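**Student:** Residue numbers (this note's numbering), protein chains in the order written: chain A, 302 to 555; chain B, 302 to 555.
None of these hints come from the bench; they were simulated from the model.
In this text the structure is predicted, and so the values were computed from the model without any measurement.
Careful: at least some of the hints might be erroneous.
Same chains, same names: a pair is fine if it fits in one copy or spans any two.
[What the hints assert, rightly or not] Heads up, simulated EDC-like pairs for lysine to aspartate or glutamate below, C-alpha to C-alpha not over 16 Å straight-line:
(1) Lys491 - Asp419
(2) Lys460 - Glu526
(3) Lys413 - Asp347
(4) Lys489 - Glu500
(5) Lys387 - Glu535
(6) Lys460 - Asp347
(7) Lys414 - Asp347
Given next are the chains, with one letter for each unit.
Protein chains: 2
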Amino acid sequence: MEDSSARPASPTGLTYVVATSQILGLVVITMMAAWIGQYRGGIAWDSSQLLFNVHPLCMVIGMVFLQGDALLVYRVFRNESKRSTKILHGLIHVLALIIALVGLIAVFQYHKKQGFPDMYSLHSWCGITAFGFYFIQWLFGFYIFLFPGASFSLRSRYKPQHVFFGAFIFILSIATALLGILELLLFKIKDTYSLFVPEGILANILGLVLIAFGAVVGYILTRHEWQRPPLAEELALSMDFKTLTEEGSPTSLH
Amino acid sequence: MEDSSARPASPTGLTYVVATSQILGLVVITMMAAWIGQYRGGIAWDSSQLLFNVHPLCMVIGMVFLQGDALLVYRVFRNESKRSTKILHGLIHVLALIIALVGLIAVFQYHKKQGFPDMYSLHSWCGITAFGFYFIQWLFGFYIFLFPGASFSLRSRYKPQHVFFGAFIFILSIATALLGILELLLFKIKDTYSLFVPEGILANILGLVLIAFGAVVGYILTRHEWQRPPLAEELALSMDFKTLTEEGSPTSLH
Numbered sequence: 302m303e304d305s306s307a308r309p310a311s312p313t314g315l316t317y318v319v320a321t322s323q324i325l326g327l328v329v330i331t332m333m334a335a336w337i338g339q340y341r342g343g344i345a346w347d348s349s350q351l352l353f354n355v356h357p358l359c360m361v362i363g364m365v366f367l368q369g370d371a372l373l374v375y376r377v378f379r380n381e382s383k384r385s386t387k388i389l390h391g392l393i394h395v396l397a398l399i400i401a402l403v404g405l406i407a408v409f410q411y412h413k414k415q416g417f418p419d420m421y422s423l424h425s426w427c428g429i430t431a432f433g434f435y436f437i438q439w440l441f442g443f444y445i446f447l448f449p450g451a452s453f454s455l456r457s458r459y460k461p462q463h464v465f466f467g468a469f470i471f472i473l474s475i476a477t478a479l480l481g482i483l484e485l486l487l488f489k490i491k492d493t494y495s496l497f498v499p500e501g502i503l504a505n506i507l508g509l510v511l512i513a514f515g516a517v518v519g520y521i522l523t524r525h526e527w528q529r530p531p532l533a534e535e536l537a538l539s540m541d542f543k544t545l546t547e548e549g550s551p552t553s554l555h
Numbered sequence: 302m303e304d305s306s307a308r309p310a311s312p313t314g315l316t317y318v319v320a321t322s323q324i325l326g327l328v329v330i331t332m333m334a335a336w337i338g339q340y341r342g343g344i345a346w347d348s349s350q351l352l353f354n355v356h357p358l359c360m361v362i363g364m365v366f367l368q369g370d371a372l373l374v375y376r377v378f379r380n381e382s383k384r385s386t387k388i389l390h391g392l393i394h395v396l397a398l399i400i401a402l403v404g405l406i407a408v409f410q411y412h413k414k415q416g417f418p419d420m421y422s423l424h425s426w427c428g429i430t431a432f433g434f435y436f437i438q439w440l441f442g443f444y445i446f447l448f449p450g451a452s453f454s455l456r457s458r459y460k461p462q463h464v465f466f467g468a469f470i471f472i473l474s475i476a477t478a479l480l481g482i483l484e485l486l487l488f489k490i491k492d493t494y495s496l497f498v499p500e501g502i503l504a505n506i507l508g509l510v511l512i513a514f515g516a517v518v519g520y521i522l523t524r525h526e527w528q529r530p531p532l533a534e535e536l537a538l539s540m541d542f543k544t545l546t547e548e549g550s551p552t553s554l555h
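Modelling step: build the complete structure from the supplied sequences, incorporating the hints.
**Tutor:** Here it is as structure tokens:
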């Protein structure tokens, strides 16, 4: 009993809630693709019109789905080594950053080709803030947790800040996506939006599913019992887990 | 030393960060009033045009500033009795709900007078979700924590859910405010927004200050060392604090 609580399998509840988050994330991507494909003419890099559509699709894949999944890595991979889990966390974030960068380039290129001004709307201000913080957070995370230079004491002092800002950036990314949905609707279907046309309803539901994805990911991350317990070998190996063991109090330590 | 950690004065850092949150909250309300007064003709209940402006002002006061402050009550009043703090928490939320309801009535009345349709935009869908959840959360909170019917075991099982949904509703309220700002700008100054006119810049900055308010409140709530420690008399009085003491481990218990 004591042993199984020090190194548990994934709690059953966690498995179901993680599955729900993944379904919601895939529904977000599918609904965005359906919106673009059905109502906005599809996607194409070499069309000055359809180039825009690369933007929302890349942003929900990178800044929402993959960013959210990177946060879940420590809850899902509970019995892998801490180092493998960290590397996976960092790699998913890199992939998310690259896809988001493609989405950003698409919208700036589209504006340039169309002669539209950049960076005037609240959506763009929030978006560039989220992307900028995300990039900086990745650099700090890499330097302090993966680059072999930072001391254990710096790591444990920085960790709560990294976790807080990670959650903040994820939430800001979802809020920015909602702003982007509303902005696109008011640019494209302003006159018919109030008639409850299918495109407006689809996009509104997409917004609610985005919120549900964020809420489920947030629930998984904040539920105390679902935090990753330190493995026995980690406790033996490193002072780095001092703060974790203070909360988890695994019996193997005493 | 041991005694002061069981019943500490407010940590210095906490005081400064709470002060920052209050300044940001007041800046939000001031900027919203300035936007309405300077660019949107001011506020009046009996004008079919200016009635609208009651809506954004009431919503940021109720659903953002007061809701946020109600969440901070347990961090700020550290040495009052748990019951007084609970009552204050409940009362600020009631005040917030009433002010938000006035803001909701204003916008529905405005739509009715102007012949505008209701509830078609993503802003309205998110807003009604946030307000509905907020009302339900208040009812559950009142019934389980204040109404003298619920058992200690029900209270301690419900508490983490109450805290999670409280944070979720607060974040959703801020996201809804951002959507409302963008919607109003695209309705009123769509043609000049991209020219970086002062109204657009003011409203965008208001959006960023709203995000900063939410971030600072979120930081205060999630910082582990700033959680309200149970008072000695509370520990002696009630099983209700079992979960708290497991984390706080005050020396007076042993």
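**Student:** Check the structure against each numbered hint from earlier and tell me which ones fail, lowest number first.
**Tutor:** Going through the list in order, the structure violates hint 6 alone and respects the others.
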